[in-house]
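Grab the two chains, each in its own frame, and use the hints to assemble them into the complex.
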Amino acid sequence: MKPTRNAKPQGRGVRQSMSDLHTWAGLLAGWLLYAMFLTGTVSYFKDEISQWMRPEIAHQRVTPDPAAVAQRVTDTLGTVAAGSSEWFMQLPTTRSNVVDSFWRTPDWQPGKRAFQDATFDPSTGAKVVARDTLGGEFFYRFHFQFYYVSPIWGRWLAGLCAMFMLVAIIRGVITHKKIFVDFFTFRWGKGQRSWLDAHNALSVFGLPFHLMITYTGLVTLMMMYMPWGAHVALTTPAQQQALDRQVSAFLPPGERAGVKAPLAPVDAMVREAQARWGRDNVASVLVTNPGDTQARVVVSRGVSARVSTSPEYLLFDGASGKLLDVKDRVGAAAQTRGVLYALHMGRFGDLPLRWLYFIVSLAGTAMVGTGLVMWTVKRRQKLPDPERPHFGFRVVERLNIASIAGLSIAMTSFLWGNRLLPASLAGRADTEIRIYFVVWLATLLYALARPARRAWIELLWLAAALLALLPVLNALTTQRPFWRSVADGDWVFAGFDLMMWALAALHAALAVRSARHRPRANAADRRRAVALRHQEDA
Amino acid sequence: MMRLVALLLCVFAFACLAMAMARHQDTVFGGPLSVTRTRGLRVAGWGALLGALWLLVADQGWALGLVYYSGCTSVAAGIVYGALVGWERRLAAR
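The listed protein sequences correspond, in order, to chains A and G. Following the numbering used here, the numbering of the first sequence begins with 1 at its first residue and continues without gaps. Following the numbering used here, the numbering of the second sequence begins with 1 at its first residue and continues without gaps.
Possibly wrong hints are sitting among the right ones.
Stated by the list, open to error - 20 Å max Cα-Cα, derived SDA-like pairs, lysine to any residue:
#, chain 1, residue 1, chain 2, residue 2
1, A, K112, A, G427
2, A, K322, A, E86
3, A, K190, G, R23
4, A, K382, A, L27
5, A, K190, G, T27
6, A, K190, G, W87
7, A, K378, A, H390
8, A, K327, A, E272
9, A, K178, G, Q25
10, A, K190, A, A515
11, A, K127, A, P64
12, A, K127, A, A426
13, A, K112, A, P151
14, A, K178, G, V85
15, A, K178, G, G78
16, A, K190, G, R94
17, A, K190, G, G86
18, A, K178, G, R23
19, A, K127, A, E137
20, A, K190, G, E88
Unchecked claim - From the derived model, a few chain A residues whose C-beta atoms are all more than 12 Å from chain G:
#, residue
21, P64
22, L134
23, A238
24, P253
What the hints assert, rightly or not - Per the computed footprint, the stretches of chain G lying under chain A, defined by three or more beta-carbons under 8 Å from a beta-carbon of chain A, are:
#, segment
25, 21–32
26, 68–78
27, 81–94
What the hints contain is simulated information worked out from the structure, not anything from laboratory work. The beta carbon of each residue, even a glycine, is placed where N, CA and C say it ideally should be.
Looking at chain G on its own, in the form it has when it is part of the complex (with noise of 0.2 Å):
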């Protein structure tokens, strides 16, 4: 459960973190976002990374911990770029 909970963070953590970069601003939100709220979802990304390895670790111990954690950041990016390919698929075709 804890590893599913985890595994969600880090999708949230590299939405956030995608979402921080002009190139996806463009294409998410039509636009580039204020400094400000570039830099809270940028905090927000990183902070999120942090909470799912501490979860992990407090749940696993640090040796499995660290494997899961290796594992549920490589399947979040791709999700989120999945995700993100898909969004741009379907702008181009409107």
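With the rest of the complex left out, here is chain A (with noise of 0.2 Å):
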């Protein structure tokens, strides 16, 4: 901590020092990682908010033929990304109605972007008619990589942070000792211990899933913090390759003919897929060099029920729709990468499951606001006068209110956005981003302005305001109320106005808490402040 005016400022050695760099760093990591933690749980609904994000598109009640869909997208494609050596395409789902595509950028040259994307109607093959939206991609994005920065810096602040979240996981299980004896304790109204209970509940009951989140995380991005074994092991670009395919079905082009040939049919060749793997389980179709003799297409394998996201895929020459190769196995390294990614992710998941997910990564979340929050509460008991805090814990109890309360703030805006810019706005979609930094932005200014505890209750009840409002803008500015979702059994809308009411609900009883709330520090606290750190010194 920063020493104040009346701490002796000699005899602060190189441990203490390092004692202050611990607290400041994983400060700043718990920030970072509460972000990343509610970011990434609301993207086990991704494809769920990027539905409700465009709104234009309707509901989708049955999934239409993956075959025919890939069909009509690669014709679109023919001629929207012709001249372009790589096409890739994800079909649509029973939880996505539209068709991510990207392509790689004909007559590419430094300085412009590799690829292109685009995103189509499963049921036309033209480019979807609706606002310019992220959509759930944005939290997805910004949970590993964050914004403004280089995706590279991001993933690397991510990875930092996710080491951090390891390493306090299995301290905390060591520091825990009671684990057991106190499995079911909660000690209500008991300030500090009450922060703790909480603490530990939350973080003991999710622990199989708050290990393997963590631990996972940094799986998935390990060949980027990890290179040098690959490095040294495979020297010639044919044993990279190799490599390459034992994670991922994203195949480089290869070597053009330079003979033009038509492409074969794309349906065909995805039903061919679909008799192997069953109608709806098909996720992707990549072209390698269309229009050359030498076209490859590869039709990858959906993820439901399967607890892995090694490639599995069938390869195609292209001219001749014959079928090459059958990629159904890959080695067991490459296996256990995919998968732990895959726990990760959880795509593999149906309905039940993902609400497990999102519950379990809900209650993570909380564990890191739970130990935020308690930083404060601990040294609160501890300062010389608690009325007149010193500069750096107001500095840090303010940066609690703004990534805790202020970002529930910000990631709605980013909603309420969304259905506020006008449709024909230039650059819409970064606008909607704007929108989310701005707001977090100001909701800072906002705590640093108010008396911390006002701060709290304020920005949680606008919260809740906000999240509550939502589904009554929803109403007000799309075809699509509530009420016609119930009545249409449109579960995807209906479910994102419950969702939004059931979130008001948790902030509105966080503010009531924080308004009740009276922080005590009088004396007989504070002596059981120090006999209750003697106790865990102990």
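If you want it as structure tokens, here you go:
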């Protein structure tokens, strides 16, 4: 902690500085981790959020036949992405009503983007006519690479935080000696003790998940964090390619023959895949060198009920339509990675499992949140004058408010922006994201300007109001109000509205509790805090 | 359906395990239970946890079954915890 005026300046050894570093770096990681946890949690419903953010696209009652969709989009790409050496499309599922596609920029030059992307309507194959938005993809990307920093730096930062988290979890388990004795213990209204009990419960109940999600989070980016093994072991491009084949179905385009040949029907290839894996279990189609005799088509298997992201695909000759290769297994190490990766994403799960993921992940968010609040609760009792805390304490307190209550407001504002910004606005998707950050910053300024307790209460109420009114805004600005969604059996939209109300209730409850709470800092309490500290140290 | 049964089984299991602890016996029964009863609760709790695991793996296979099991146990423990906190609060309010 920052030395206060009445603290003695001398005698701060290396260990003390390291402890300071740990505390402050831990706090910084904590703020980022809270944001990573919450945006990651909502990303389990990424596809649903994306659907809600494109209200122009009608509710999808039946999943369209992937084979027909693949053919339609391939036809469109023939004109939209003519001359490109590689096309990729993610086929619609029961949860997604669009085709996300990207392709290599034709005649690429340095300085230009290597890939271009577009979203297509599965029923027509044409580009979707909907407001420009990143949808749920924004929360997902923010979750592991942040924003306004290069993705590489963002991912390193996320990895650093995840490493902190892993250490904190293991350290927490070791420190928490009475893990079984205190398993169901909660002591109400005991200040720091209550916070610790809640923090422990949230940590222990979800422990398998927290350990898994943190470890697998590191695994998803391990090729980036630790590339050296692969660099040393794999010296030739062929070996590097062999590694890529083990982890990804994203094959780079091969050598072109330079002889023109039309692409064989893609729907027939997808049908062959459907015969193997089931009608709705085809994830994506990749076409390399379309229009050339050396064209190749990769049809990848879906992830439904398959706890692994390891590539499984059929490789076709794009000119003749002949099946060239069936990839249905990878090496043991690659499979381990595939399973860990899949566990993190949870994409294999059906709706009940997705909810379990969401709930336990939300508990993880609360675990980080209670950890952050505990930092101030613990130190407030030791302050020389709790009425006038020193500068460092005040900054931490305000940053806690902005990173917990403020984040809820910022995320909801992003959704408000989606409904309020005019569809014709240039750079609309970027403006939505700008709203998110500007609002987040505004909550920090607000928290700095107000007394801490008032700031907590007011910002939590604001979050509750924004969440509760979002379905109203949706009813006013779209053709899909709550009652119509229910009548149409559209549970993506109806469920979204219900979820907003549930989250509003949660924020309102937190606001009420903060308002009722009176921090007592009398002498008896401080004595108890000291006793407690001795107990912990023992 | 089987998954819901497994979740309920987990709730039952954690309720038994909590009731096998002295602190919660005080809260719920107003005093400690006999050693035999406590042991019975503990056996029932662990038995139900194993039963839920068996049910999920039989229904969903090992890969999905284990993932479901992890989720069900976490949520069930949370439910029992919430119920106990509520119980204590009600007692305290009286």
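Verification of the hints:
1. A/K112 / A/G427: holds (18 Å)
2. A/K322 / A/E86: Distance ~19 Å between A/K322 and A/E86 Cα, so the pair holds.
3. A/K190 / G/R23: holds (17 Å)
4. A/K382 / A/L27: holds (18 Å)
5. A/K190 / G/T27: holds (18 Å)
6. A/K190 / G/W87: holds (17 Å)
7. A/K378 / A/H390: holds (15 Å)
8. A/K327 / A/E272: Measuring from Cα to Cα gives roughly 14 Å; hence the hint holds.
9. A/K178 / G/Q25: Roughly 18 Å between the alpha carbons, so the hint for A/K178 and G/Q25 holds.
10. A/K190 / A/A515: Holds, because 17 Å separates the two Cα atoms, which is no more than 20 Å.
11. A/K127 / A/P64: holds (16 Å)
12. A/K127 / A/A426: Holds, at roughly 18 Å.
13. A/K112 / A/P151: holds (17 Å)
14. A/K178 / G/V85: Given that 20 Å is the threshold and the Cα spacing comes to 19 Å, the pair holds.
15. A/K178 / G/G78: holds (18 Å)
16. A/K190 / G/R94: This hinted pair holds, its Cα atoms lying about 19 Å apart.
17. A/K190 / G/G86: holds (16 Å)
18. A/K178 / G/R23: Holds. A/K178 to G/R23 sits at ~14 Å (cutoff 20 Å).
19. A/K127 / A/E137: holds (18 Å)
20. A/K190 / G/E88: holds (14 Å)
21. P64: holds (26 Å)
22. L134: About 29 Å separates A/L134 from the closest Cβ of chain G, which puts it past 12 Å; holds.
23. A238: holds (33 Å)
24. P253: Its Cβ never comes within 12 Å of chain G, the nearest being 34 Å, so this holds.
25. 21–32: holds (count 3)
26. 68–78: Since three or more residues must qualify, the claim that chain A covers the segment 68–78 of chain G holds, with 9 doing so at under 8 Å.
27. 81–94: Answer holds; 6 residues pass the 8 Å Cβ test.
Of the hints listed earlier, there is not a single one the structure fails to meet.
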